[in-house]
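So you can see what is in the structure, the chains are spelled out below.
2 protein chains.
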Amino acid sequence: MSVRAGIIVTGTEVLTARTVDRNGPWLSERLQELGIDVTQLVVVGDRPEEVLSALRWLAAEGADLICTSGGLGPTEDDLTAQVVADFQERPMALDQALEERIWRILEPLMARWPHLEEDAIRQANRKQALVPEGATVLEPVGTAPGLVVPPPASRPGGPTVVVLPGPPRELQAMWRAATETEAFAAAVTGAVRYRSSMLRMFGIPESEIASTLRGARDSGVAVDELEITTCMRRGEIEVVTRSEPGEDAVHDAWLGFVKDRHADTLFSDDFSLIDQIVTDMLDQRGWTIATAESCTAGLLAARLTEHPGSSTRVRGGVVVYDNAAKSALASVDPALIAAHGAVSVEVAEALADGARAALAADVGVGITGIAGPGGGSAEKPVGTVCVTVSGPEGRLTRRVQLPGDRSEVRDRSTTLALHMVRRLLLGEHN
Amino acid sequence: MSVRAGIIVTGTEVLTARTVDRNGPWLSERLQELGIDVTQLVVVGDRPEEVLSALRWLAAEGADLICTSGGLGPTEDDLTAQVVADFQERPMALDQALEERIWRILEPLMARWPHLEEDAIRQANRKQALVPEGATVLEPVGTAPGLVVPPPASRPGGPTVVVLPGPPRELQAMWRAATETEAFAAAVTGAVRYRSSMLRMFGIPESEIASTLRGARDSGVAVDELEITTCMRRGEIEVVTRSEPGEDAVHDAWLGFVKDRHADTLFSDDFSLIDQIVTDMLDQRGWTIATAESCTAGLLAARLTEHPGSSTRVRGGVVVYDNAAKSALASVDPALIAAHGAVSVEVAEALADGARAALAADVGVGITGIAGPGGGSAEKPVGTVCVTVSGPEGRLTRRVQLPGDRSEVRDRSTTLALHMVRRLLLGEHN
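Each protein sequence line maps, in turn, to chains A and B. Mapping of the first sequence onto the working numbering: position 146 corresponds to residue 149, and the numbering continues sequentially without gaps. Mapping of the second sequence onto the working numbering: position 358 corresponds to residue 361, and the numbering continues sequentially without gaps.
Chain A extracted, bound-state conformation (with noise of 0.2 Å):
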């Protein structure tokens, strides 16, 4: 039996695009991991009745389980807690104790905003204590109580419903708790552990996939018992592949045909993405890197440092964003500009070098190329990105043609600057 989840964030600002949704995908990871299939997100305002809906509409279709993040706040427009009580048909009723330990993490933040009114932080506070009948109180991370609140007497088999606060790190450290309590294990019991895998490739087009597909039914697998969706992210493909359990059999044929057709694209076949596995393969040799970069400006630099620990391994590089900078901070001969131009083969390699010498780094990365939207040429169109990687025992360089809007020209340009490393690191060299 599979185990249903719907999530509803609420919020004017995100479904006016005014801010990214952190929430809805963060809670969808979350969720299978316990092995419980998502099967709606829906965003939708701060109006009660909207709200409602969303619930209802969820419940309709079969929902154990309904996510809701945001409306928790002391503002008037505030109401996500009100409407999931009426959903549920619980009353609100004050938890004074709950009222104290809110007033406990508000009086130090007043101290540092002195001129706020005192009384209508303690309105605000009492609203933010009312709690439905028989809900469970998840104790706030900012000032907001998360809930749990399970489905009526007239509904029993109804969902279940976790109201989380919508700042996204008071969220995240709310879910645990969320789902140690009681209503949550009821409503989510039977969850099937689904058997997932992640299968990377760098350089084939998506169709491939499908015409690999067609290859391995016609081969006898039985791919038809399972679930695979293929996605291009960043410049890479992946190929997800669930399956129930006793399938394991047909799962693993299908892996072993895709890693034997694409044995020369496959970079992971366990989640991992291709930054920790450059991260891995530099620190199990103890080589440090550097970059030069152009057109990217300092994003290749950045997600190399995404993750903690990085100092180790990444020196630091240069921005060289216009020619002087790259003579004066990489060394790259201004006469080598003049005949190549700055976007050549030429200059990434100038660059690469250029970063390894100024940083005494094991590894130089050299990247320039035409973002867009202007600055093309018939001879070097837009997307056109030149990248070397330097190492102790070579180089490696390669012009491609990205496609793409400005920022996804410069993203791509990172990703594919990350597999360059990881090949160079494999021995490979022009």
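Any given hint might turn out to be false.
A pair counts as met if it fits within one copy or between any two copies, since identical chains are not told apart.
Derived SDA-like pairs (lysine to any residue); straight-line CA-CA distance at most 20 Å [claimed, not checked]:
id : residue 1 : residue 2
1  : 383       : 365
2  : 383       : 396
3  : 383       : 409
4  : 383       : 312
Keep in mind the hints are simulated off the structure, nothing from the lab.
Based on the hints, put chain B in the right spot on chain A.
Below, chain B without anything else, positioned relative to chain A:
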């Protein structure tokens, strides 16, 4: 009368959080520009019954228009066109001219990937050329055509459905043609052109706006006639006000009240972003800028070059992740680091001065901080960031304590730095 629209994003990869949804927010912004209220955004998987259920729910919620994205590809699980045809009670028929036009797009692609099977491609091609009776075809940008499908005769007031492809570039390129169809125009007739305004502030907590709202009400400003929403984005507070025609006086009174009360922290009242404001101010003076980044490791340089044309003002920067790099590339005296630590106002100042000098720029920015999760101490906890902006007339330095995780600390540091550049350009110095 307000015109209501819902958005349905299909795709297991979005629902399972492997891909970030770029289409929902983009469509929301475009619809709002046309005076259309976006009331729901729904993400569902690739199963036809789930897409159909979402269409029915949005129709029941009173949508005049529904936009879908995704599910138009050549693979077997791409079924959106068929589902919408069923929903609008319009049988599908092959459009032979369209089939031919798609084939002419595919032919050159096939030349690029010579090992693909022509038969399979032909079959996929035919599937994409099936069109619901009475629908308007939107010419393919990739290989998938879009559709505008009017409601059936049995439900004349029902929503018109705009069916768009999943790849953001294709969807965006097709949008204008969709809005120019007769069926689209008929569905959105009567959209009220609301007046919207945006005030942006930096350096106050969100709760301040709730208090300002009460203050305005107490002063007799009829704020309840307005739709006011606030949100915190990248450390900035945004206050969006929307009003119907005829409410200009109260709208203006509210804006005036906020501007008076928050004059010191208000930096934008015309939708402009701090990035654009800083860019314009630099260009007005003809000044160039350079960066020396430690904890942000290139994020500020990348942000300064996000938009085209930045090469005239951005000289470049150095990413000085380790201490040796700070000295080698930004001339920071090692004795200064030894005396005050790498995260200190002294080192931030030296970095800013060093960036100015190394890249011969008018403004230098130095950022050093502890992004976490490790590396904090009692004296300098995680989130401690020191920023200096240095110009021809002096320096401005701040040491702050930023909330959030590693990625938020890094992102907010770049926002703080931009605001400090603005203040420096307004003549503020230490």
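* Pop the pair residue 383 and residue 396 into one bin, within, between, both or neither, using alpha-carbon distances up to 20 Å. => Neither way: residue 383 and residue 396 sit 30 Å apart in one copy and 42 Å across, limit 20 Å.
* To do: Since the copies are identical, ignore which copy is meant and state whether residue 383 and residue 312 lie within 20 Å (CA to CA) inside a copy, between copies, both or neither.
  => Close across copies (18 Å), not inside one copy (38 Å); limit 20 Å.
* Indicate which option fits the pair residue 383, residue 409 if close means a Cα-Cα distance not exceeding 20 Å: within, between, both or neither. => This pair counts as within: shortest intra-copy Cα distance 15 Å, inter-copy 38 Å.
* To do: Could you place residue 383 and residue 365 in one of the four classes (within, between, both, neither) given a Cα distance threshold of 20 Å?
  => neither (31 Å within a copy, 32 Å between copies)
Hints 1, 2, counting from the list given before, are not met by this structure.
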